[in-house]
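Asks: Sequence:
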Amino acid sequence: MLVDKERYSAEQLLAAQMYWSRRTWGEYGAISESPALLLRFCLERRLPDLQFFFTMRTMEEGRHAEASWLMAERLGRYFPQPQNPPTAGAVGTHGVRRMAFDPETSLEGIFASLVCAAEEILIDVFKSTVHKATNQAVRRLMELILRDEVRHIAFGWQCLDAWAPSFTPETVRNIEKAVTAMIENVEFRGYRNLWLAIEGGSATPAEIDADRISCEAGLGGNTPEDEMRVFPEFLAKIRKRMAPWGVNLPMFEHPRLGTV
3 MLVDKERYSA EQLLAAQMYW SRRTWGEYGA ISESPALLLR FCLERRLPDL
53 QFFFTMRTME EGRHAEASWL MAERLGRYFP QPQNPPTAGA VGTHGVRRMA
103 FDPETSLEGI FASLVCAAEE ILIDVFKSTV HKATNQAVRR LMELILRDEV
153 RHIAFGWQCL DAWAPSFTPE TVRNIEKAVT AMIENVEFRG YRNLWLAIEG
203 GSATPAEIDA DRISCEAGLG GNTPEDEMRV FPEFLAKIRK RMAPWGVNLP
253 MFEHPRLGTV
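Just so you know, we're using the numbering used here here: the sequence shown kicks off at 3 and counts up by one.
Worth double-checking, as some hints may not be accurate.
[Stated by the list, open to error] No more than 27 Å apart at the CA atoms, straight line, and that leaves these computed lysine-lysine pairs for DSSO-like: (1) 134 to 7; (2) 179 to 242; (3) 239 to 179.
Since the hints were derived computationally from the structure, they do not count as laboratory data.
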């Protein structure tokens, strides 16, 4: 499928280039986190199923990275880094690789923060906005990424449900701490959407508004209104899903979302 750039304004194309470039950066982080988790599985002598699945996951995340990069290129340009380098601290990684090598963070906590928080909200937003991608090439790419990520998330939840009977109070606290950190220190710093960054950071106005402009042009992304609706629903969903494990997540304060 062709992107057909001639249909769009320079502002719309720039916003879409920024959006798909940032999607690529996020996938780079996903590529690096799977090998780190594979080492953790081996060190803890976990079931081989985990190793097999995350080997496949690494290949699929690599495919997502390449496809996102190609989309940015087809739209006119791929940006290899944020316009202001300090922003890279917010959008460059969500910290899973670091947690994988931290003996104080349990594997259950890592799974919960990655699957239940980082990937779950990403896919919830994708699901709620894919219909807005009126460009057929963009929509098809979003659908294919969604297909893979839904499977990744389902596997993670099934693992946690299977492990739940053996959770100790310490494991539960570790999960609560890891998921809370993912929300407060990653999502609320603008990792997935710079509009959510509480402190604003060093992102330029064009970068902050890129998701909205790209979304309204039908080229992928989402609007602040989408975030206002989807993010509280996401938190309510994972709270309910984790409750049988004894996990109790705190309420979060955000200047735009309110108390969620």
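Asks: Tell me, in ascending order, the numbers of any earlier hints that this structure violates.
Replies: Violated hints: none at all, because every hint is consistent with the structure.
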